[in-house]
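With the hints as constraints, model all of the structure from the sequences given.
There are 2 protein chains.
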Amino acid sequence: TKMKLPDQEESESSNAHENVPVEELDSSLGPSTSPDGPSDTDIRELGICKDPLLFIQLNELLGWPQELEWRETGRWMLFEEKLEVGAGRWSAPHVPTLALPSLQQLRSLLSQGLVLLNCPAQSLLELVEQVIQVESLSPELRGQLQALLLQRPRHHIQTRGTRPCWGSTHPRKASHDENVPLKEQCQNSLIQKLPPRAEAAAVLAGELGFLAQPLGAFVRLRDPVVLGPLTEVPIPSRFFCLLLGPPTHGRGYHEMGRAAAVLLSDLQFQWSVRRASNLQDLLAALDAFLERVTVLPPGRWDSTARIPPPKCLPFQHKRLPLQMQEAKDLFFLCRAHTEDRHSHESHEPSPELQRTGRLFGGLAQDVRRKALWYPSDFLDGLHPQCFSAVLYIYLATVTNAITFGGLLGDATEGAQGVLESFLGTALAGAAFCLMAGQPLTILSSTGPVLVFERLLFSFSRDYSLDYLPFRLWVGIWVATFCLVLVATEASVLVRYFTRFTEEGFCALISLIFIYDALGKMLNLTRTYPIQRPGSPAYGCFCQYPVPGGNESQWTRTKPKDRDDLLSMDLGLVNASLLSPPECTQQGGHPRGPGCHTVPDIAFVSILLFLTSFLFAMALKHVRTSGFFPSMVRKVLSDFSSVLAILLGCGLDAFLGLATPKLMVPREFKPTLPGRGWLVSPFGANPWWLTVAAALPALLLSILIFMDQQITAVILNRKEYRLRKGAGFHLDLFCVAVLMLLTSVLGLPWYVSATVISLAHMDSLRRESRDCAPGEAPSFLGIREQRLTGLVVFILTGVSIFLAPVLKFIPMPVLYGIFLYMGVAALSSIQFMKRVKLLLMPAKHQPDLLLLRHVPLSRVHLFTAIQLACLGLLWIIKSTPAAIIFPLMLLGLVGVRKALEWVFSPQELLWLDELMPEEERSTPEKGLEPEHPFSGYASEDSELMYQPKFPEINISVN
Amino acid sequence: TKMKLPDQEESESSNAHENVPVEELDSSLGPSTSPDGPSDTDIRELGICKDPLLFIQLNELLGWPQELEWRETGRWMLFEEKLEVGAGRWSAPHVPTLALPSLQQLRSLLSQGLVLLNCPAQSLLELVEQVIQVESLSPELRGQLQALLLQRPRHHIQTRGTRPCWGSTHPRKASHDENVPLKEQCQNSLIQKLPPRAEAAAVLAGELGFLAQPLGAFVRLRDPVVLGPLTEVPIPSRFFCLLLGPPTHGRGYHEMGRAAAVLLSDLQFQWSVRRASNLQDLLAALDAFLERVTVLPPGRWDSTARIPPPKCLPFQHKRLPLQMQEAKDLFFLCRAHTEDRHSHESHEPSPELQRTGRLFGGLAQDVRRKALWYPSDFLDGLHPQCFSAVLYIYLATVTNAITFGGLLGDATEGAQGVLESFLGTALAGAAFCLMAGQPLTILSSTGPVLVFERLLFSFSRDYSLDYLPFRLWVGIWVATFCLVLVATEASVLVRYFTRFTEEGFCALISLIFIYDALGKMLNLTRTYPIQRPGSPAYGCFCQYPVPGGNESQWTRTKPKDRDDLLSMDLGLVNASLLSPPECTQQGGHPRGPGCHTVPDIAFVSILLFLTSFLFAMALKHVRTSGFFPSMVRKVLSDFSSVLAILLGCGLDAFLGLATPKLMVPREFKPTLPGRGWLVSPFGANPWWLTVAAALPALLLSILIFMDQQITAVILNRKEYRLRKGAGFHLDLFCVAVLMLLTSVLGLPWYVSATVISLAHMDSLRRESRDCAPGEAPSFLGIREQRLTGLVVFILTGVSIFLAPVLKFIPMPVLYGIFLYMGVAALSSIQFMKRVKLLLMPAKHQPDLLLLRHVPLSRVHLFTAIQLACLGLLWIIKSTPAAIIFPLMLLGLVGVRKALEWVFSPQELLWLDELMPEEERSTPEKGLEPEHPFSGYASEDSELMYQPKFPEINISVN
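Respectively, the protein sequence lines represent chains A and B. Per the UniProt record's numbering, residue 1 is the first one in the first sequence, and the count goes up by one each step. Per the UniProt record's numbering, residue 1 is the first one in the second sequence, and the count goes up by one each step.
Treat the hints as calculated values from the structure; they're not laboratory data.
Any copy will do: because identical chains look the same in the list, a pair fits if it lies in one copy or spans two.
In silico DSS-like cross-links for lysine-lysine, where the CA-CA straight-line distance does not exceed 27 angstroms:
hint	residue 1	residue 2
1	LYS843	LYS833
2	LYS718	LYS370
3	LYS833	LYS620
4	LYS843	LYS193
5	LYS897	LYS718
6	LYS877	LYS836
7	LYS836	LYS311
8	LYS311	LYS833
9	LYS843	LYS634
10	LYS634	LYS833
11	LYS634	LYS193
12	LYS843	LYS620
13	LYS807	LYS620
14	LYS833	LYS877
15	LYS620	LYS311
16	LYS311	LYS843
Encoded structure:
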């Protein structure tokens, strides 16, 4: 019985009403085919909703018998909004709930009532005339009814600013006066939430004393038309439903009206009823609806509770008949959409990771692919959001450069320092942003590379080698090895980096962040010791030469050590109590241990450290709190670390203590005195060292490859919906070239930094504005461009000259931000969720899909193995055996492989993901349920699938 | 068609199986009639569930065709638990959801199937024989089916310890071997959650290939009997439902089985089916169930999502036929239960607040009522929970005594001090606990009284009066006035203290707590100043007399002021750098400002302050987190302040700095030197002052009355379910007597302290253990007794001699705990929730019933008025006009009265509560919806009614 009617909407949908969401506009700058699945908006655009969105309004007849009036008491788009009559406001959007009898009453009323499925009415008056004509009513009643139906309903309209709507947004000919929308309708702020092609449906329900029997009418207008003030928004109406009857039992007609509205808000019912040709089609659609409803038993559920909208809607396509024209599109959509969620599908090698089989084939492919996007990489950066991203990432990069600069200076005894760190970061980062395959990556010194460099330096010091030339040769070899890896397309092996490897690596880096932050704070308390009672740090006075005294007295009072000084009787001295600087000015000499101690610094540092850490954490959570308008919340949480730094600086300035401040180099010359910018290729080293350097270079190459590519894999995950594709080979090539450059200049080595890069991506997220009330904004992708990174690194380079401004930032504040970055990174990986499970009694555990499918003991075993691996990595990193650390990282892949003997493929699918081999040998095995009885897994809808790749939204903001 | 069957269970329910929950036992110590409504447990006991609780288990037939096996895949008591087959564990209990078709299929299967409603089977074998006999099956099939049905099902049993169950818990005769439960069944930990009379229902469902057509059977056993290993718990089964059929479409029989189980778990269906006499009754019960279900539309709701159990179940009685015998009981229950929720009902004057019209009539009534409970007041205290309450309240009381002691010492220039504070608290508190009407009250110095005392002291100092005698006369007058108030039963006026007054008062006290804590911390940083760079606090050396020098040199170097000392050239001095104590020991003289400064103390104090505050806050939230077993969480959150104090002390000890510590008096004598323990009645004051003292005494009486009675009203709220009744008159009488006593002894004045008293009650909460999985433990009441308070005050008295232990507690830690108490108290009142609403955009506001019924602007106006009143009170408290502060508190009641011109009664009903007059003039007006159309308010079930009295669970733990 379906599809009998010629589809009038089909022709309409392709005319000027085409809906191009604002957010999608900037994607049209690049090539138009998106490699990833379409967004939720696309689903509505391409899928079912070639039919326009329906806005449904329930007008209830109130005030019987004295003052009859129509009043809007509910409205529906995706969810229900009720009018709180007493409070005079709309309820929050919620999932509608119905009583089953009201649906059945509606069905019987419609089956006996009037159904007009192609009504040619052009105005409310015509419509009302048609509706009352057909009914077997007395002429008197008709008159009364007509007057009643034409009565202007009372809407509850939230106006926000004036906006002309007639003639401009809906250019339709106004033939009848009552069709002209009211001014308040035009000012309705709801209009802005409706897509241009939206249509309205009006449900009128209520009790009418002069009716002898119930009166039901369902009208589909042939041409949708604005029915005057009938609906609160002046958009053309397509459906009209009238449910009136004598006053009987309580709220029967109100509930029937709600049932009709909920029915109309169902997409499949809409689809059917738009195509229905007679009453039978209508009732069949209603019955089909009833077949699909979910039933909650009474008594276990408070039927008046309002269920908040789910975060993600179930897919409508499943429920549409397959013979539909759209079926094929929908199938594609379904696949594309679920790919985000089912990681085992995402492991089908993406085009970037398919081996070409030619030397440098992958690199050539990457260059070709990225070249296409190159102009848009700059144009896409012209967006206000990029400004905040630049500010934020710049601060993170500078902090990183300073900290790692300091650490490197310590580790290499000044062979590299803060200036080299700034210069190298700026040079390497900017070059990478210009050339790389994935320009969202932020290059930085990383923990693992720092550990390796420290080892290399101690080795060369122990064997009295000239460090920088030796390092140059290591760099040359590493670059060579990396080029070999690029040539052989080794990057396709990243497919063996499963979540197990990623999480192990990520957790290690996060722990290094946290450990460093805490360690540096502890160091500060050692530099500025706490004065305990009895600790002899009091004494200080200003001593002058005795007027008649000779030099011998000076000598006599010169103590050998501190204890000596304290216990010694100084005898007669010419003294004052001036403060040390004044003393020196006056020609005196400050004496005593108390002259050099700075009190309070240790505790004020701890205070600043904690304040900035806690403040940043708190600000980050402002986004999910309910306070302040969403704009304010977004700014507060986006700039949480900047604001925390500012607060820390303000507090420090207020206290006015001499806390250790950020030291920015002021002169542009190498930290190590007496070396030029170019490292001499041999120095004092023997010639064979140029060859021997290949051995450490091999280890370093493994490390660089792992460090670089794990980060690249994380950044290029499907769930980030990158549309310009990855460039694993090109990235590695760039890293190799920069390796050579930095080795020659004696600058630090750089690879991709996971935490900052993810923070970079996070600050460039594009989200749709929420459309219908209750609909969550959906993630559209990332602003992929080269501009933000480039500006960040240019600013980093310029910072060498920004010393006068940056010198006000206290170091403890920066350590606090570091701690925050580490904690945020650590808490975002799924591994940590599982660690938390270890501490939770089973009944309090969250309802993770993982736990529905894998026994708890197995989950715990997997977590314990990960913890053990992490512990082992940490121990190796801290011992002299640290030189084999890169091999151990590689070993993680091996451990993961070995886990296949311990865990079944199903368990690994849930806990981790499958490695490439299994996928080939047991295709789609993972999708089968683990138990022989059919359909059990079907209980878990796509909705419940957690993204299997953890969203390492390390989101430093 | 109902109630035809003789009710076999009726006789059974009155025999030895009577269920007396453990928690209810201790209430039997006092008189047995409870003035408050019955608890949730009562509802089950008295109401519908004279029928036993039903445990329903779904056994599914799996493994067709190879290895047929019955497996338990779901179970129901109040909520559904699913077996997660892959994970091998039970899901969390959740509200079951069904597909409508499965219910309809079940209906048609049952209508064609076998229904045995009085089956006399005594064993599984007999039952199976009956079920297969009646069906029109071939003998061969019958054999197969019998073997299959007798096959032992596979349960998923969580065992916890061994426990014999056969013969001991269920003494039934075992005639057949297969009826003997398995060992694993007896070890099932679920047994402990079932009440003794519980019965089981088994639903067997699945696909069976050799069946040609569906096979449905529903059996009600005449005598419930343990059907061997059929259910996982070895309790007698009452119902048996078999749903088998040829393998057809997917999970049809599984879903039908679930539908049958959900049906059986419905109390009304249970009620009907226990009394059904034929198939029609059964189908009618099913149809009645369908009439009551809630329907969720498809597409807007993920049908596989699991809805967590609501915190509070809807009342079953609403849905039971009224002709039932229990109807009257239920109506009583309903009323009693909803009284907790509808505060306007709770304002019917309770017996304690009804005016007798006789002089001291109220007092006599109080004494009579409380005398009955007096023995139980001591016996009820013998519970381990009371131990933790004592420890906790003791610490709070001591902290309070110390702080207020210190403040009073400051305010009265030593006329009172810490020792008086300890002694007075111990004496007054213990006496009050022994004599008072509401012994849960904790007496303490309070902020308002302190403010008044400070004013009184400055007045008497300004006019050169002898303070303590003057104060004695004020005390005598106050006691007199209070006795007049008791005699005239003025306490019944507390009914005019609505939430508006309470919240204003509570907020003021909380703010005083917070302000004091922060102020004291700031004071500390003034006492131990921070050494800023350049601040001349360095200089310090040890000066000896010059061997040959004369006294004049000493004089010459003796500076006039500090600046002088610093700038002065001291000339030749005989010096060393010994630390000040050593210097003095060696006969020298420490010179210079640096000798007296103690560095780091200010910051370490702030650190300790913040640590203890944040740690206490964090521990308090452990209770609602999912970590650790519930026992550990409870201990951690109950002892949060104790643990925070311990942590603070530990941190302080670790740092080893000379932070200011708690000063506990060591000698037992009045702080003011030269006064005895008794205050002389006249001193140096003129005689007429004894009369003039009546004026300030009048103001103080108002203050004492307000302070005492507002706290009493809060403590005696209905929602705390106190069963021993209040004693407003008796309490005030005690306060008056103690007023006299403390005035004579020169000790501080005491009234009820809101915050600590509520913390006291909170630590004595009785909760039911959760019964069925998913059912929340319900609040049963408070352990009302006099023992905890008495022990607390005895300990406080003893603390005068505990100085050696208490002196290790740093003051900043105590200030942190004070801050925590203030913040916890402030955040628990509804007023603060409304203040938060001011900052929230409308769409993020929580779905409070209040907001459904009152326009947001009116809510904000009400909040603003409250804020203004609070601000005014604060200003008055801080200015010289503070003496009229008590009148202003009384003014709050007037302001509330005036609000009736601004707000409608409906609005006030939602925002506050009605004052007594309105209730009389417009009886039950508040219950009518504010809009003329009927039934709109009925949408808000009782479930959604927030307790209108804010739960000021100030819960210092």
